[in-house]
Every structure is written in structure tokens, then in C-alpha cells.
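S.K.: Spelled out, the chains give:
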Amino acid sequence: AQSVAQPEDQVNVAEGNPLTVKCTYSVSGNPYLFWYVQYPNRGLQFLLKYITGDNLVKGSYGFEAEFNKSQTSFHLKKPSALVSDSALYFCAVRDDAGNMLTFGGGTRLMVKP
Amino acid sequence: KAGVTQTPRYLIKTRGQQVTLSCSPISGHRSVSWYQQTPGQGLQFLFEYFSETQRNKGNFPGRFSGRQFSNSRSEMNVSTLELGDSALYLCASSPGQGFNEKLFFGSGTQLSVL
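As given, the protein sequences belong to chains A and B, one line each in that order. The opening residue of the first sequence carries number 1 in this note's numbering; numbering runs sequentially from there. The opening residue of the second sequence carries number 1 in this note's numbering; numbering runs sequentially from there.
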């Protein structure tokens with residue numbers, strides 16, 4: 001069975017500092033990896049995805065993520081955090097055999113001025 | 001283009017009742033999936049449909065059912081509601097049946113069971 005772990009329930013960072021939100025996964029076949037963000041009282045919005053190829057994926061709002069196959073990780077990063085980045089972030093994985101999309105438990109990012 | 005539309009936005013029911021939630025995907029999208037979001041369990045997959053066929057089903061009891069219509073609109077039904085069914089139910093759509101497609105989410109239906 002596939003699974004996703006987001007080890008930190010909350011990440012606190014000061015505005016202007018770099019941020020990292022961690023994600024590790026387990027899947028049988030080749031992984032398709034996603035990051036989504038959720039603002040209060042809203043659905044999820046797509047940030048970026050990894051399918052194949054370059055291990056560094058660039059996405060919306062200046063976010064990027066690095067795929068590491070040996071460590072089965074897909075950490076979300078941003079060089080300089082904004083207060084408006086404060087939200088709930090979800091990592092998700094799906095295998096290439098078409099099994100269901102599985103989400104991690106979510107990490108709340110708090111960016112303080 | 002209009003986004004994914006879920007109705008109603010809020011719903012209050014009592015235990016034992018049944019409820020039907022509706023989802024209209026983005027025009028042209030043929031795949032619809034449903035998720036349950038709760039503070040304790042996070043995001044749990046319910047169903048996935050493509051062209052009226054159920055492709056995947058999550059680990060939920062038979063009280064949870066869904067369907068997709070020929071116009072790609074989808075409904076999910078929960079019968080004999082329990083207190084634990086209180087949650088935000090999210091619908092998402094994507095253009096085709098590719099497993100690596102990004103999902104477009106609606107704002108959800110907040111269901112409260114009293």
C-alpha cells in the first residue's frame with residue numbers, strides 16, 4: 001500500500017527566510033508526486049508535481065521541490081518566505097499503475113513578519 | 001472557465017438521515033474524484049470516476065456511494081449518517097484519465113451531523 005508522511009504538523013519561519021516542508025513517501029511502482037496548498041475555508045490548489053526527469057521541480061508562487069529517489073523524499077522549498085505563504089500544505093503520491101491518490105496529513109506553515 | 005462547483009456549501013443533518021452532495025467539474029473535464037477531510041484523519045480518498053465508470057474506491061463503508069453522469073457531473077450519497085461523518089467533502093476534477101494529471105478542487109461541502 002502506498003503512503004505519505006509529513007513529519008511536521010507545523011513549520012514556523014520568519015518572513016524572508018528560506019522554508020522547507022518535508023515529505024517522504026512509499027509506493028510500489030514509479031511515483032507521481034504532488035504538492036497542494038489549502039487556504040482557510042477553501043479547497044486545495046495545485047503547486048507543483050514530479051513525473052519524471054529533472055529532480056528539481058519548479059512550481060507556482062516561487063515554490064520548488066526536490067525529488068530524491070534514494071531517500072524517497074519530495075521536500076517543498078522556497079528561498080524567501082512571505083507572510084501570505086501561511087497555509088496548510090499537502091504532499092500526495094500516486095503510482096503509475098493508477099492506484100488512488102494518497103495524501104499526507106498536512107503541514108501548517110506559519111510565516112511571521 | 002468556471003471552476004469546480006460543489007453544492008451545497010454547508011449542510012446540517014441528524015444521525016440516521018441520508019445526504020446527497022453534488023459536484024460540477026470544470027467544463028471539458030471527464031475525471032472526478034471525492035475526498036473526505038477531517039482534522040483527525042486528514043484527507044481520505046473516497047471515489048474516482050472517469051466517463052461514468054468508477055476507477056478507484058477508497059476504504060469507506062458501503063453507506064458511502066457515488067456516481068457520475070454523462071455530462072461528467074458527479075454526486076455522492078451517504079446513507080444512515082453517523083456523527084463521525086461530519087467533515088469537509090471535497091470534489092476534484094481533471095481533464096482526462098492520466099494518473100499524473102493535476103487536480104482542480106472545489107471549495108467543498110461542510111457536512112455537520114448532529
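Keep in mind that the hints were calculated from the coordinates and are not lab data. Hints may contain errors.
Claimed, not checked - Taking lysine-lysine pairs in the BS3-like style, the calculated list, with each CA pair at most 25 angstroms apart, reads:
hint: 1; chain 1: A; residue 1: K112; chain 2: A; residue 2: K69
hint: 2; chain 1: A; residue 1: K77; chain 2: A; residue 2: K58
hint: 3; chain 1: A; residue 1: K77; chain 2: B; residue 2: K57
hint: 4; chain 1: A; residue 1: K112; chain 2: A; residue 2: K22
hint: 5; chain 1: B; residue 1: K1; chain 2: A; residue 2: K77
hint: 6; chain 1: A; residue 1: K112; chain 2: A; residue 2: K77
hint: 7; chain 1: A; residue 1: K22; chain 2: A; residue 2: K77
hint: 8; chain 1: B; residue 1: K57; chain 2: A; residue 2: K49
hint: 9; chain 1: B; residue 1: K57; chain 2: A; residue 2: K58
hint: 10; chain 1: A; residue 1: K69; chain 2: A; residue 2: K58
hint: 11; chain 1: A; residue 1: K49; chain 2: A; residue 2: K69
hint: 12; chain 1: B; residue 1: K102; chain 2: A; residue 2: K22
hint: 13; chain 1: A; residue 1: K77; chain 2: A; residue 2: K49
hint: 14; chain 1: B; residue 1: K13; chain 2: A; residue 2: K49
hint: 15; chain 1: A; residue 1: K69; chain 2: B; residue 2: K1
S.K.: Could you run down the list of hints and mark each one as holding or not?
M.R.: Against the structure, the hints:
{"no.": "1", "hint": "A:K112 x A:K69", "verdict": "violated, 33 angstroms"}
{"no.": "2", "hint": "A:K77 x A:K58", "verdict": "holds, 10 angstroms"}
{"no.": "3", "hint": "A:K77 x B:K57", "verdict": "violated, 32 angstroms"}
{"no.": "4", "hint": "A:K112 x A:K22", "verdict": "holds, 19 angstroms"}
{"no.": "5", "hint": "B:K1 x A:K77", "verdict": "violated, 30 angstroms"}
{"no.": "6", "hint": "A:K112 x A:K77", "verdict": "holds, 17 angstroms"}
{"no.": "7", "hint": "A:K22 x A:K77", "verdict": "holds, 9 angstroms"}
{"no.": "8", "hint": "B:K57 x A:K49", "verdict": "holds, 23 angstroms"}
{"no.": "9", "hint": "B:K57 x A:K58", "verdict": "violated, 31 angstroms"}
{"no.": "10", "hint": "A:K69 x A:K58", "verdict": "holds, 17 angstroms"}
{"no.": "11", "hint": "A:K49 x A:K69", "verdict": "holds, 15 angstroms"}
{"no.": "12", "hint": "B:K102 x A:K22", "verdict": "holds, 20 angstroms"}
{"no.": "13", "hint": "A:K77 x A:K49", "verdict": "holds, 13 angstroms"}
{"no.": "14", "hint": "B:K13 x A:K49", "verdict": "violated, 37 angstroms"}
{"no.": "15", "hint": "A:K69 x B:K1", "verdict": "violated, 37 angstroms"}
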